[in-house]
Amino acid sequence: MSAIHHPSTAWLLDYATGNAPPLFETVIRAHVGACADCRHEIAFAENLGGELIASGSANSTGTLSAQDICDRYEQQDDAGTPFSRADEVALNGGIEQFVATYLNRSVDALPWKSLGGGLKICRLAEEHGAHMWMLRGQAGTVLPEHTHGGSELTLVLKGSYFCGSDIFHAGDIEDADEDTEHQPVITRDGECICLAVTEGNLRFKKLLPRLAQPFIGI
Amino acid sequence: MLALMSDERMKMPDNVIPLTVGDDTGVDAMRRAETLLLVKVRDTGDRQAYKELFDAFTPRLRAYARNHGCEAGAAENVVQDVMVTAWTRARLFDPDKASARTWIYTLVRNRLIDQHRAGERRQRAYDGYATTYSESISDVDSSEKDLRNSRLTALLVELPQEQRQAVLMAHIEGKSHREIAEELNVPVGTIKSRTRLALQRLRKVMEDPA
Numbered sequence: 025m026s027a028i029h030h031p032s033t034a035w036l037l038d039y040a041t042g043n044a045p046p047l048f049e050t051v052i053r054a055h056v057g058a059c060a061d062c063r064h065e066i067a068f069a070e071n072l073g074g075e076l077i078a079s080g081s082a083n084s085t086g087t088l089s090a091q092d093i094c095d096r097y098e099q100q101d102d103a104g105t106p107f108s109r110a111d112e113v114a115l116n117g118g119i120e121q122f123v124a125t126y127l128n129r130s131v132d133a134l135p136w137k138s139l140g141g142g143l144k145i146c147r148l149a150e151e152h153g154a155h156m157w158m159l160r161g162q163a164g165t166v167l168p169e170h171t172h173g174g175s176e177l178t179l180v181l182k183g184s185y186f187c188g189s190d191i192f193h194a195g196d197i198e199d200a201d202e203d204t205e206h207q208p209v210i211t212r213d214g215e216c217i218c219l220a221v222t223e224g225n226l227r228f229k230k231l232l233p234r235l236a237q238p239f240i241g242i
Numbered sequence: 537m538l539a540l541m542s543d544e545r546m547k548m549p550d551n552v553i554p555l556t557v558g559d560d561t562g563v564d565a566m567r568r569a570e571t572l573l574l575v576k577v578r579d580t581g582d583r584q585a586y587k588e589l590f591d592a593f594t595p596r597l598r599a600y601a602r603n604h605g606c607e608a609g610a611a612e613n614v615v616q617d618v619m620v621t622a623w624t625r626a627r628l629f630d631p632d633k634a635s636a637r638t639w640i641y642t643l644v645r646n647r648l649i650d651q652h653r654a655g656e657r658r659q660r661a662y663d664g665y666a667t668t669y670s671e672s673i674s675d676v677d678s679s680e681k682d683l684r685n686s687r688l689t690a691l692l693v694e695l696p697q698e699q700r701q702a703v704l705m706a707h708i709e710g711k712s713h714r715e716i717a718e719e720l721n722v723p724v725g726t727i728k729s730r731t732r733l734a735l736q737r738l739r740k741v742m743e744d745p746a
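Just so you know, the sequences run in chain order A and B.
Our numbering runs 24 ahead of the 1-based position in the first sequence.
Our numbering runs 536 ahead of the 1-based position in the second sequence.
Be careful, since some hints might not be right.
As the list claims (entries may be wrong) - Calculated lysine to aspartate or glutamate pairs in the DMTMM-like style (CA-CA distance at most 20 angstroms, straight line):
| no. | chain 1 | residue 1 | chain 2 | residue 2 |
| --- | --- | --- | --- | --- |
| 1 | B | 587 | A | 95 |
| 2 | B | 740 | B | 698 |
| 3 | A | 144 | A | 132 |
| 4 | B | 576 | A | 92 |
| 5 | B | 740 | A | 61 |
| 6 | B | 576 | A | 98 |
| 7 | B | 633 | B | 579 |
| 8 | A | 144 | A | 169 |
| 9 | A | 137 | A | 150 |
| 10 | B | 587 | A | 98 |
| 11 | B | 740 | B | 564 |
| 12 | B | 576 | B | 630 |
| 13 | B | 576 | B | 564 |
| 14 | A | 182 | A | 213 |
| 15 | B | 633 | A | 61 |
| 16 | B | 587 | A | 92 |
| 17 | B | 576 | A | 101 |
| 18 | B | 576 | A | 95 |
| 19 | B | 633 | A | 111 |
Keep in mind the hints are simulated off the structure, nothing from the lab.
The task is simple: from the sequences and hints, build the whole structure.
Here's what the structure looks like:
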């Protein structure tokens, strides 16, 4: 799988520096595990971090001693998790397996809530004002046109959808924010399942979705 | 004085992203020497090599942790954890994937993430960074001072101020792009754009200086 649409450089820098909010980080990690281009960007950001540290102040003194550390601690032989965020995820089983592992259950076993019109939704988590959702829609489903109250990252797990002239396939991320106005339409190729994280509420343009919004909670 | 400018040269694998191509007498040589030291620590548990790395990085890690809002005691704990990990887990270091300074960056970054998630409050110290950065390396001689600062400083200074600010606020202050946008009172899209242009430019110059 080779993704065409990626998180913005700002999100990748957030991820590389550890500054991304946790729910967004989960979505980015799933994409990065399957995207060599993004792993390369993250590796570059980590290189930059190393250069900045090496260029930093050497003025301070402390109480630590190299000899103390060598005397007190043994070197370990065990293999372990790599420290680079460009290497930490190996998606041998693909994004769907990552998500299933993250959820600790299969996508089909989730408590889906039907919204009508071929669209189902499942609210997975809430943290620091952000919500994580799973969305699943039948082929040809048209979502209501909307803008956003904050950032939104949508990872396509299965199938595809389009917004305007952009088509998002499995593995792609759509990076949206309050400046983005869109109306996703699921392609006629088949069912589409997405993992999305949003900040704030969506802002629907039409009255009906706005009326339904308090009941959906999106 | 660091013993990083020795004549020992380590052939770096092709897939390590070169940050200053062609500068074999300066920052590149220093980076290679650091990496060679860490390989010695990894392969033979060389205590002298570890001490040289320790002396080179400990004060810088301490400054980095302080710039991420750690109080003195907390910064010392971060530095200790990082340097203990650098000793005990050196066998995880792979010079095919990263230089020593990048590997050590990942250790301190991960440690600060753990600290942040444990609920320890981060304080912001961007203003302090500019001073620290410009006054750095006062305990090494002037040639090393020039070598350490020249390329990266030049590259960062060449960036438009707004782009440089976005990169430094992310890397040095530990702020997300949304936090940067809110602090600077500009749209999120503006910070996304500045970050993209900054990284694009840095990457182009660092990877293809010609």
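Evaluation of the provided hints:
Between the alpha carbons of residue 587/B and residue 95/A the distance comes to roughly 12 angstroms, so the proposed pair stays at or under 20 angstroms and holds. A hinted pair counts as satisfied when its Cα atoms are at most 20 angstroms apart, and residue 740/B with residue 698/B qualifies at roughly 18 angstroms. A threshold of 20 angstroms between alpha carbons decides the hint, and for residue 144/A with residue 132/A the separation of about 11 angstroms falls inside it, so the pair holds. As the CA atoms of residue 576/B and residue 92/A are separated by approximately 19 angstroms, the hinted pair is consistent with the 20 angstroms bound.
Pair hint residue 740/B plus residue 61/A holds up; C-alpha atoms about 15 angstroms apart against a cutoff of 20 angstroms. Under the criterion of a C-alpha separation no larger than 20 angstroms, the hint pairing residue 576/B with residue 98/A is consistent with the structure, at around 16 angstroms. Of the supplied pair hints, the one linking residue 633/B and residue 579/B holds, its CA atoms being roughly 16 angstroms apart against a limit of 20 angstroms. Distance hint between residue 144/A and residue 169/A is fulfilled; the C-alpha atoms sit about 17 angstroms from each other, no more than 20 angstroms.
For the suggested pair residue 137/A and residue 150/A, the alpha carbons sit about 17 angstroms apart, so the restraint of at most 20 angstroms is met. Taken as a hint, the residue 587/B and residue 98/A pair is honoured in the structure, with Cα atoms around 15 angstroms apart against an allowance of 20 angstroms. Restraint check for residue 740/B and residue 564/B: satisfied, since their Cα atoms lie roughly 17 angstroms apart, inside the 20 angstroms limit. Annotation: proposed proximity of residue 576/B to residue 630/B holds, straight-line Cα distance about 12 angstroms (limit 20 angstroms).
Our distance criterion of 20 angstroms between C-alpha atoms is met by residue 576/B and residue 564/B, whose separation comes to about 18 angstroms. Of the pairs offered as hints, the one joining residue 182/A and residue 213/A holds, with about 11 angstroms between alpha carbons and a cut-off of 20 angstroms not exceeded. Between the alpha carbons of residue 633/B and residue 61/A the distance comes to roughly 15 angstroms, so the proposed pair stays at or under 20 angstroms and holds. The hinted pair formed by residue 587/B and residue 92/A meets the criterion: a straight-line CA distance of about 10 angstroms does not exceed 20 angstroms.
Distance restraint check for residue 576/B and residue 101/A: the Cα-Cα separation of roughly 15 angstroms lies within the 20 angstroms cut-off, and the hinted pair is therefore satisfied. Using a Cα cut-off of 20 angstroms, the hinted pair residue 576/B and residue 95/A holds, with the two alpha carbons roughly 17 angstroms apart. At most 20 angstroms may separate the alpha-carbon atoms for a hinted pair to count; residue 633/B and residue 111/A meet this at roughly 9 angstroms.
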